[in-house]
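Visitor: From first to last, the protein sequence lines stand for chains A and B. Sequential numbering from 1 applies to the first sequence in the numbering used here. Sequential numbering from 708 applies to the second sequence in the numbering used here.
Please keep in mind that the hints were generated in silico from the structure rather than gathered at the bench. Don't take every hint at face value.
[Claimed, not checked] Pairwise CB distance ranges, derived in the manner of DEER restraints:
| # | chain 1 | residue 1 | chain 2 | residue 2 | range |
| --- | --- | --- | --- | --- | --- |
| 1 | B | Asp904 | A | Glu523 | 16 to 26 Å |
| 2 | B | Glu1402 | A | Asn279 | 13 to 23 Å |
| 3 | A | Gln706 | B | Glu1195 | 56 to 66 Å |
| 4 | B | Val1341 | A | Ala264 | 46 to 56 Å |
| 5 | B | Asp816 | A | Ala264 | 26 to 36 Å |
| 6 | B | Lys945 | A | Lys521 | 47 to 57 Å |
| 7 | A | Asn123 | B | Leu1401 | 32 to 42 Å |
| 8 | A | Gly321 | B | Arg1409 | 19 to 29 Å |
| 9 | A | Glu523 | B | Arg951 | 41 to 51 Å |
| 10 | B | Val1341 | A | Lys521 | 19 to 29 Å |
| 11 | B | Leu810 | A | Gly245 | 40 to 50 Å |
| 12 | B | Leu1401 | A | Gln101 | 39 to 49 Å |
[Said to hold, decoys possible] Capping the alpha-carbon separation at 20 Å, the derived lysine to aspartate or glutamate pairs in DMTMM-like fashion look like this:
| # | chain 1 | residue 1 | chain 2 | residue 2 |
| --- | --- | --- | --- | --- |
| 13 | A | Lys536 | B | Glu1051 |
| 14 | B | Lys945 | B | Glu1026 |
| 15 | A | Lys263 | B | Asp1353 |
| 16 | A | Lys456 | B | Glu1382 |
| 17 | B | Lys970 | A | Asp255 |
| 18 | B | Lys1223 | B | Asp1024 |
| 19 | B | Lys970 | A | Glu322 |
| 20 | A | Lys567 | B | Glu1382 |
| 21 | B | Lys957 | A | Glu683 |
| 22 | A | Lys691 | B | Asp1353 |
| 23 | B | Lys1398 | A | Glu683 |
| 24 | B | Lys1274 | B | Asp1024 |
| 25 | A | Lys263 | B | Glu847 |
Where is the CB? At the ideal position from N, CA and C, for every residue including glycine.
Protein chains: 2
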Amino acid sequence: MGTTSYLHLSFIFFIALFIFPHSWNPVTQKGLSVHAKFGSVLETKASKPNNLLTEAPVHPLDPLTVTEINTVRAILSSYVPFSRAFPAIHSLSLDEPEKSQVLEWKNGDPLPPRKAHVIALSNGQTHVLTVDLDLGLITEHVTNPGSGYPPLTAEDISVALQVVQSNEEFNKSIMARGIQFSDLSCGTPSAGWFGPDEEGRRVVKVQCFSTQGTPNFYMRPIEGLTLTVDIDRQEVVKISNTGRGIPVPKSANTDYRYVAQAKAPEMESINPISIEQPNGPSYRVEDRHTVRWANWVFHLKPDQRAGMIISRATVRDSETGEARSVMYKGFASELFVPYMDPDEAWYFKSYLDEGEFGLGVTAMPLVPLNDCPGYSYYMDGLFVSADGSPYVQPNMICLFERYAGDIGWRHSQLNNFQIQESRPKVTLVARMAATVGNYDYIFDWEFQTDGLIRVKVGLSGMLMVKGSPHENMYQVPTKNMSGPLVSENLIGVVHDHFVTFHLDMDIDGTDNSFVKVNLVKQETYPGQSPRKSYLKAERRVAKREKDARIKLNIYNPSEFHVVNPSKMSRLGNPSGYRVVPGANAASLLDLNDPPQIRGAFTNNQIWVTQYNRTEQWAGGLLAYQSKGEDTLDVWSKRNRRIEDKDIVLWYTLGFHHIPCQEDFPVMPTVTSSFELKPVNFFESNPILRAKPNLETDLPVCRPPGQS
Amino acid sequence: MGTTSYLHLSFIFFIALFIFPHSWNPVTQKGLSVHAKFGSVLETKASKPNNLLTEAPVHPLDPLTVTEINTVRAILSSYVPFSRAFPAIHSLSLDEPEKSQVLEWKNGDPLPPRKAHVIALSNGQTHVLTVDLDLGLITEHVTNPGSGYPPLTAEDISVALQVVQSNEEFNKSIMARGIQFSDLSCGTPSAGWFGPDEEGRRVVKVQCFSTQGTPNFYMRPIEGLTLTVDIDRQEVVKISNTGRGIPVPKSANTDYRYVAQAKAPEMESINPISIEQPNGPSYRVEDRHTVRWANWVFHLKPDQRAGMIISRATVRDSETGEARSVMYKGFASELFVPYMDPDEAWYFKSYLDEGEFGLGVTAMPLVPLNDCPGYSYYMDGLFVSADGSPYVQPNMICLFERYAGDIGWRHSQLNNFQIQESRPKVTLVARMAATVGNYDYIFDWEFQTDGLIRVKVGLSGMLMVKGSPHENMYQVPTKNMSGPLVSENLIGVVHDHFVTFHLDMDIDGTDNSFVKVNLVKQETYPGQSPRKSYLKAERRVAKREKDARIKLNIYNPSEFHVVNPSKMSRLGNPSGYRVVPGANAASLLDLNDPPQIRGAFTNNQIWVTQYNRTEQWAGGLLAYQSKGEDTLDVWSKRNRRIEDKDIVLWYTLGFHHIPCQEDFPVMPTVTSSFELKPVNFFESNPILRAKPNLETDLPVCRPPGQS
């Protein structure tokens, strides 16, 4: 849900403090990172080099460095169209080289030309620019390429809140409710797009909460008071004040901080338990972004919008030792989070969390030993603020080996062979957690030695709740409620989450095909068999994009393979990976509902498109207030050929969330996942020769505090 | 797949060695357990009392002890109807007391009368008996209550193989294929039921493999040679020999044992990694079967048929400290494993692995440090062989705490509050692994401190493969194949697995209701909202069993709650748990196909029935060769009232398996799961006050071998 970046608004001092971390963690002029307060609270056992941000790039996909960002800023400053005023930088990141250049590049080669992709706003106009760092020139410049706008900046949010402060009706309304201005915390949920009314200008909604008695102001909404603010014109467009009879829910029992807990823990304490690796972890991070572990190598980088990008994932062939391509690029491309309440103060809540706010920019420093186990390696992000200056997002990705007591494979046989073979499963996880306002999204990319990649999304944080006049369900005409009461005067509004992943699979090369292997019921003919029916696997190669729009259905089941039709196994099976859905949910909104038009990339759970380097963001490059004219759905409608082509697989992970009392005041993590799994990629089980665990492999440990 | 108990048949020495472990692990006459060879290969850090099997029962649900089993045997021996000959014991286990007696019982109370439930075969007749241990009497005795038979015994399998040995046509056929008798290993897949032909007698199929050059004879089928044996009459009923042109697949690369691996591991080695608990685990096992951990208490016992039974699971209320009932009993009730090949040698493969073979009887000793992490507690099973004598199934269940680096809940906020709260997730797992012939089923019951129970099934072991004349796919008319080639001359036949769980939920008491909370699309009316649509949660209480036959559908989504309508929260929400499906698959066979009639408990993914103590086994008490007249489907058709009644929830976890090369010669584990999750059961987040991990909680470890 997320969403909306909330900031504290003190009307007394006119100080707006906001969640964007670069406000407290700038990169100094010399380009050195300043360590985060929180990132260093607990030290980790895995080391991180200190010069992470000052070195030159060594890989074509390495993010821009401090020096490079400063160069881009200088180039933009001297660019004639911006000579009057430096524009607001909404996005500034590496413009990745052409795929062919990256694929040709080998370790030690000179890098392809370094370029930056910039989205800037100036006088209400959106500028999309390509900056060539080597040439020192802007080589491409398009103005207003779409109906939408780039993600909000911290400055946008600050402006919106300042505009609200000076609104007389707002101030009266707050006073009428008996709320102290010093207790006010306001947020800026994105406005969405609902037809022509708000077109042609950049608007945001402002809604407020009371912080009186709790840091968990999300549980104390000032219901029904919504302002629509034009960010660029700095004016209140509309004020809606419908919630006058609704009390601000009480603060009792809302504080979730450990220091604020007066009562004893709910249960008997659990003895210390940890994942221990006395010889240290087995992964290596080379040149800051190249991760090597067991049979995997991949490039891992933080990204201001996507949060975390995995590139050039290769797995070593279990027989030949060759590094074989699996995925060129994988990342969360967009989130769609519609709330299910048509009321004035709620209808617009249909967030595109990534295109409107960004997952990297909201990724908080991970908490060692709690967000990630010991022996984790932490990677910082280097992002760009609205004035074009770089800042550090510390400890935003962690990398760790995971042993959960699971079994890689096993078999026992106690006849004459008396076999007991079993192998423990150890995996490698890259994790980040984005706190998009109230919600926390935990993203895991987990790599297994058997070639499987599991992509997991966890949801925690706070519900987005609605104030209610009712204290309990007995008082409520339930049919009018948009969710159950989760505490007195608090409705947990029903909502969905959809996370759409861009999965540029390159199985043994760029040119792949998408194959649906359908399980089809066959009836036997009379006399054929005592059986009346059986299932048969039928392979259907998708010729065009329309053949690869998949709605999951357990009564019409299929496997979904991406194969390389030119790479056959010894047996003649094409080398492939399949996407294995886990629990999932589909969007059920009307296809013509404005939120669903913008979130049309969720109309199917799986899509395959022909590779196009501009098609990265499933909800469009400019998703803020967009009309949905640049979505995956629109691209797919071109119906391009996808057989034996460079193709991209898209998978959407969905959640329906009907809140319950257990979600108050903070939600236990809910998780769902999908897998990318080798299918006839290896000639045989690729972990056949894995070593079993022996007693002599165990570390010798003593309790903490004992010497 | 399972299934079929394979045994080695040496024709030279006429020795049949078989997988049933009691052949090598008898309980001595004095009732002492003899430790398994394999169970003691690696010592564990968690201790197990040695007198596990000799003590008297202390809980009404405790399994029968050695003394009690011997008493039952003595009672049966002196029972007049069995005076001529002691019957073959196919099942002998605790006849659990009436639920009301168990619920009334308190620690320290005298136990309700101890009874045994016995299924015995004598002269082809099935006897179902209740033996009262206190009275020393048989109090109930029913003969042939259904069309089916009880699970096979080791003796049945031995008989079938001996019958085959003396069959001339079989011997000729083996010789004609050039196979040495000393290389022969044969198995006894169950025959299923396919109409009147094989009714009225107990039959089993026999199929053979070559062990020449490999212990993994499953990969060397002697295709198309199938004998049908009447077990009780000890005769070959039918011999089918259709596979003459099909070679026995080669032995190369089939051996999966670590000692047999000549080549180096496939990848860089992984440094030692383990879950460490220097202060020891936090769970306690009291009185052999009562498990206490964090806020959970439950009774855990091995069962010859179900494998593992969880009873009387209670969770402590996070506010009042009261132990609250969640589940009276949970266990895997039946498995259905249909293969998708109508050929003479394959059509009958439609196993009911639990009712035909048993999950406890096939549960091998777990391999310490590989099947379960260090600090695991191992529980033995005490089962009964065909002659009525007890035997020990050693180390068949393990119990361990699991920390996988996951997050229990989190939230960050870097505005003026600067909050970074995160809690690690630690869980408790009870695990067993049943090796039903070729397949290994791993069962996990995982308990979370937030009240969630996750039930997970993992599949590993060997494929059931079909010999083929073709060495590669280029030679194959693929449309005739029942699966892809996974090695030369080896087809991995497509098949399904369905595991149906009996979940006797008792949420805060026995009388519960089943509520479907449907998410229904609502269209807004003109002028109501800029939104055209939203979803609304609509509660529907199931009145009768037909209202609770659920086919999962992501386009018609619901939550599925079991609630106590008499136990309302402070807010007026009924206390409940919901079943949360994970990835799942449905059976697509024709409803009138004989295997599906017997497996009709898979016709829906969720069912709710009125509690009836005799309705434990979803495929029927006597599942072997049954006609499906005693399935969950049949019971549900009675359409009993289920509102505010004692009800049982049934959930089926399904897998479609289209094999691939990676599954050869042993399959990497595939996993699926579902959850039982509190919904308005707690007044608020039950782990709000959980403690974060601190550096000072970590053990101090040194590498193995260093002092």
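Visitor: Hey, B:Lys1274 versus B:Asp1024, does the alpha-carbon distance stay inside 20 Å?
Guide: holds (13 Å)
Visitor: Given a hinted range of 19 to 29 Å, is it respected by the beta-carbon distance of A:Gly321 and B:Arg1409?
Guide: 33 Å Cβ-Cβ, so the 19 to 29 Å window is violated.
Visitor: Can you confirm whether the C-alpha distance between A:Lys567 and B:Glu1382 stays at or below 20 Å?
Guide: Violated: A:Lys567 and B:Glu1382 sit about 40 Å apart, past 20 Å.
Visitor: Between A:Lys263 and B:Glu847, is the straight-line Cα distance small enough, at 20 Å or below?
Guide: violated (55 Å)
Visitor: For the pair B:Val1341 and A:Lys521, does the Cβ-Cβ distance stay inside 19 to 29 Å?
Guide: holds (23 Å)
Visitor: Quick one: are B:Val1341 and A:Ala264 within 46 to 56 Å, going by C-beta?
Guide: 51 Å Cβ-Cβ, so the 46 to 56 Å window holds.
Visitor: Given the hinted pair A:Lys536 and B:Glu1051, is their Cα-Cα distance within 20 Å?
Guide: Holds, at about 17 Å.
Visitor: Taken at face value, is the distance from the CA of A:Glu683 to the CA of B:Lys957 at most 20 Å?
Guide: Within the cut-off at roughly 16 Å; holds.
Visitor: Given the hint of 40 to 50 Å, is the C-beta distance from B:Leu810 to A:Gly245 inside that range or not?
Guide: holds (47 Å)
Visitor: Range hint 13 to 23 Å: satisfied by the CB atoms of B:Glu1402 and A:Asn279?
Guide: This hint holds: roughly 20 Å between Cβ atoms.
Visitor: Sort out whether B:Glu1026 lies within 20 Å of B:Lys945, counting only the CA atoms.
Guide: Since the Cα atoms of B:Lys945 and B:Glu1026 sit roughly 66 Å apart, the hinted pair is violated (cutoff 20 Å).
Visitor: Given a hint of 41 to 51 Å, does the C-beta separation of A:Glu523 and B:Arg951 actually sit inside it?
Guide: The hint (41 to 51 Å, Cβ to Cβ) is violated, given that A:Glu523 and B:Arg951 are roughly 29 Å apart.
The structure shown violates the earlier hints numbered 6, 7, 8, 9, 14, 15, 17, 18, 20, 22, 23, 25.
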